[in-house]
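Q: So the protein sequences, as listed, match chains B and H.
Just add 75 to the spot in the first sequence (first one is 1) and you have this note's numbering.
Just add 232 to the spot in the second sequence (first one is 1) and you have this note's numbering.
Check the hints yourself; a few may be wrong.
A partial selection of chain B residues facing chain H, derived with a Cβ cut-off under 7 Å [stated by the list, open to error]:
no. : residue
1   : Ile123
2   : Pro128
3   : Met168
4   : Gly182
5   : Tyr188
6   : Glu192
7   : Phe307
8   : Asn308
9   : Ile311
10  : Phe314
In silico BS3-like cross-links for lysine-lysine, where the CA-CA straight-line distance does not exceed 25 Å [to be verified]:
no. : chain 1 : residue 1 : chain 2 : residue 2
11  : H       : Lys253    : B       : Lys85
12  : H       : Lys242    : H       : Lys253
13  : B       : Lys120    : B       : Lys85
14  : B       : Lys120    : B       : Lys80
15  : H       : Lys502    : B       : Lys80
16  : B       : Lys294    : H       : Lys253
17  : B       : Lys127    : H       : Lys321
18  : H       : Lys242    : B       : Lys88
19  : B       : Lys120    : B       : Lys261
20  : H       : Lys242    : B       : Lys127
Part of the chain B face toward chain H, derived, beta carbon under 8 Å [claimed, not checked]:
no. : residue
21  : Tyr86
22  : Thr89
23  : Asn90
These are calculated hints, taken from the structure and not from any lab test.
Think of the CB as a built atom: it goes at the ideal place given N, C-alpha and C, for glycine as much as any other residue.
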Amino acid sequence: MILIKNLWKKYDKTNVMAGLNLEIQTGETLVILGRSGVGKSVLLKHIIGISKPDAGSIIVNDQSITDLSGQELYKALHQMGMLFQGAALFDSMTVEENTGFYLTEHGKNGTPYPQKELEELIAHALEMVGLAGTQKKMPSELSGGMRKRAGLARLIVYRPNILLYDEPTTGLDPITAMHINELIVKTQQELKATSVVVTHDIISALYVGDRLALIDEGKIVCIDTPDNFMKFNHPIIDFLRQIISQDPRSFRKPAS
Amino acid sequence: MELSPPIKEKTQVVLEEIEEKAFFLVAIGEYMQLIWAVILATIQRLPAFRLIRNQLYDIGVTSLPVVSITGFSTGLVLAAQSFYQLSDKGLASVTGIMVAKAMVTELGPVLTAFMVTGRVGAAMCAELGTMQVTEQIDALHTMSVNPHRYLIAPRFIAGTFMMPLLTIFSIIMGIFGGYLISVFFFGMSPSAYFDPMPEHISLFDLSTGIIKSYIFGIFIMTISCYKGLNTSGGAAGVGRATTNSVVVAYCCILLSNFFITMALNLIRDKLSLLLSNL
């Protein structure tokens with residue numbers, strides 16, 4: 076379980092987090108929605124310990140991440156994985172090296188991972204995301220969607236208990252975006268992990284989320300199951316409702 | 233003692249104002265923090281040997297051509313200038329000493345440091361800066377890999393190890409360049425060029441060159457890594473960080489060169505005074 080209590084964070088004299096409280100249950104997929112710049116990605120970076128809050132605490136499986144540093148933090152991070160917005164593949168390494176990075180670095184019970192086993196695990200992870208046979212490619216040779224999938228394979232291979240997704244479908248065409256959504260669901264089912272997805276994409280949110288939360292002005296303003304979430308009375312949710320219920324043909328520029 | 237909220241808020245505002253005005257001190261503080269974090273990460277567990285080996289190759293072996301050309305051409309010019317300036321005063325025989333002394337104590341370490349800054353430091357800063365803006369460094373962190381141990385420590389170890397070696401190589405190339413022009417162009421005998429050197433180039437001169445190169449190596453590696461890790465603002469930010477890292481490293485090399493020269497000479501004078509009194 077992830078428990079976020081009274082989180083405060085200020086950037087350039089603006090409170091991005093203003094007393095944010097949130098509880099994420101083990102095994103659920105929580106989708107966090109919100110406008111650009113409200114601190115959705117910042118929240119993920121706090122959960123995974125990249126950023127430290129000005130005040131408040133984040134407790135992951137009974138361990139306060141905000142109080143940890145150095146070796147203790149790195150030890151706690153073994154249970155987590157994050158898919159970054161731009162996939163954050165290491166561009167000096169092949170897809171294979173990227174996918175097996177965690178296993179290569181940490182080895183197996185203190186010894187280097189057996190090469191054959193490593194290759195099999197990488198091949199399985201890449202196959203799961205539909206990238207079989209791309210082992211020797213460099214990240215620069217991959218499309219945006221493929222990079223995201225390779226990033227996901229890099230997580231799947233070490234099976235973390237907690238998965239964080241930062242805008243997984245942003246910048247992708249609708250078909251690739253739906254493929255990524257399917258992969259998020261498939262990964263969650265296979266790993267039985269707790270997932271936190273940050274997105275602007277309401278279709279993606281409704282597809283993958285067990286619960287949806289909306290951040291506004293540094294706080295969670297509503298959180299519920301997809302059906303109940305869409306019934307909330309809030310200007311942003313009103314707008315989202317309008318978008319998904321509208322006839323696509325109505326999205327035309329006004330006649331001059 | 234817990235401060236009440238209004239005082240806490242006020243203290244925070246004052247601290248932020250101080251931070252804004254004393255940004256230079258803040259940068260020095262962050263820089264020292266980075267060095268400490270790298271030392272700590274290295275002490276806790278040494279970086280993998282393959283990472284150090286790759287950096288030794290990138291910093292040392294691939295810099296050899298540029299360091300050779302710099303040392304060699306400086307030796308040529310030094311010998312030519314010394315010969316032209318001194319021959320009409322009957323001092324042509326000191327050409328070899330001039331070249332060797334200048335190369336060993338000043339030009340070898342400084343020019344090698346400049347070349348390594350331009351070739352290795354800039355590339356290092358740009359690489360780390362790009363990794364920073366594309367969240368690759370955050371990705372390392374999320375996979376429980378300490379970026380200080382994985383990225384910075386191997387560069388630091390390899391850089392500080394390679395700088396004295398590159399400097400020695402540059403000095404040898406400089407003396408060799410001076411030898412070629414003195415012997416084959418100005419007609420000096422090889423013995424006239426080389427023979428006075430052992431008498432005038434002391435162990436102290438050699439130590440000065442090596443100590444300087446080691447300190448310059450520390451500056452180049454830490455400044456490039458610090459600037460790279462603190463890059464923000466996309467491609468333009470990477471460009472800015474790289475330019476800054478080169479400029480700051482050059483300034484540190486030039487300024488520290490003066491202070492090291494003064495400090496080492498003062499220490500030598502004090503030591504010789506002490507020894508003569510014994």
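Q: Hint by hint, note whether the structure agrees.
A: Evaluation of the provided hints:
{"no.": "1", "hint": "Ile123", "verdict": "holds, 5 Å"}
{"no.": "2", "hint": "Pro128", "verdict": "violated, 14 Å"}
{"no.": "3", "hint": "Met168", "verdict": "violated, 10 Å"}
{"no.": "4", "hint": "Gly182", "verdict": "violated, 11 Å"}
{"no.": "5", "hint": "Tyr188", "verdict": "violated, 14 Å"}
{"no.": "6", "hint": "Glu192", "verdict": "violated, 19 Å"}
{"no.": "7", "hint": "Phe307", "verdict": "violated, 32 Å"}
{"no.": "8", "hint": "Asn308", "verdict": "violated, 32 Å"}
{"no.": "9", "hint": "Ile311", "verdict": "violated, 26 Å"}
{"no.": "10", "hint": "Phe314", "verdict": "violated, 29 Å"}
{"no.": "11", "hint": "Lys253(H) - Lys85(B)", "verdict": "holds, 19 Å"}
{"no.": "12", "hint": "Lys242(H) - Lys253(H)", "verdict": "holds, 17 Å"}
{"no.": "13", "hint": "Lys120(B) - Lys85(B)", "verdict": "holds, 14 Å"}
{"no.": "14", "hint": "Lys120(B) - Lys80(B)", "verdict": "holds, 15 Å"}
{"no.": "15", "hint": "Lys502(H) - Lys80(B)", "verdict": "violated, 62 Å"}
{"no.": "16", "hint": "Lys294(B) - Lys253(H)", "verdict": "violated, 32 Å"}
{"no.": "17", "hint": "Lys127(B) - Lys321(H)", "verdict": "violated, 70 Å"}
{"no.": "18", "hint": "Lys242(H) - Lys88(B)", "verdict": "holds, 13 Å"}
{"no.": "19", "hint": "Lys120(B) - Lys261(B)", "verdict": "holds, 24 Å"}
{"no.": "20", "hint": "Lys242(H) - Lys127(B)", "verdict": "holds, 21 Å"}
{"no.": "21", "hint": "Tyr86", "verdict": "violated, 12 Å"}
{"no.": "22", "hint": "Thr89", "verdict": "violated, 12 Å"}
{"no.": "23", "hint": "Asn90", "verdict": "violated, 12 Å"}
The structure is inconsistent with the numbered hints 2, 3, 4, 5, 6, 7, 8, 9, 10, 15, 16, 17, 21, 22, 23, although it conforms to all the rest.
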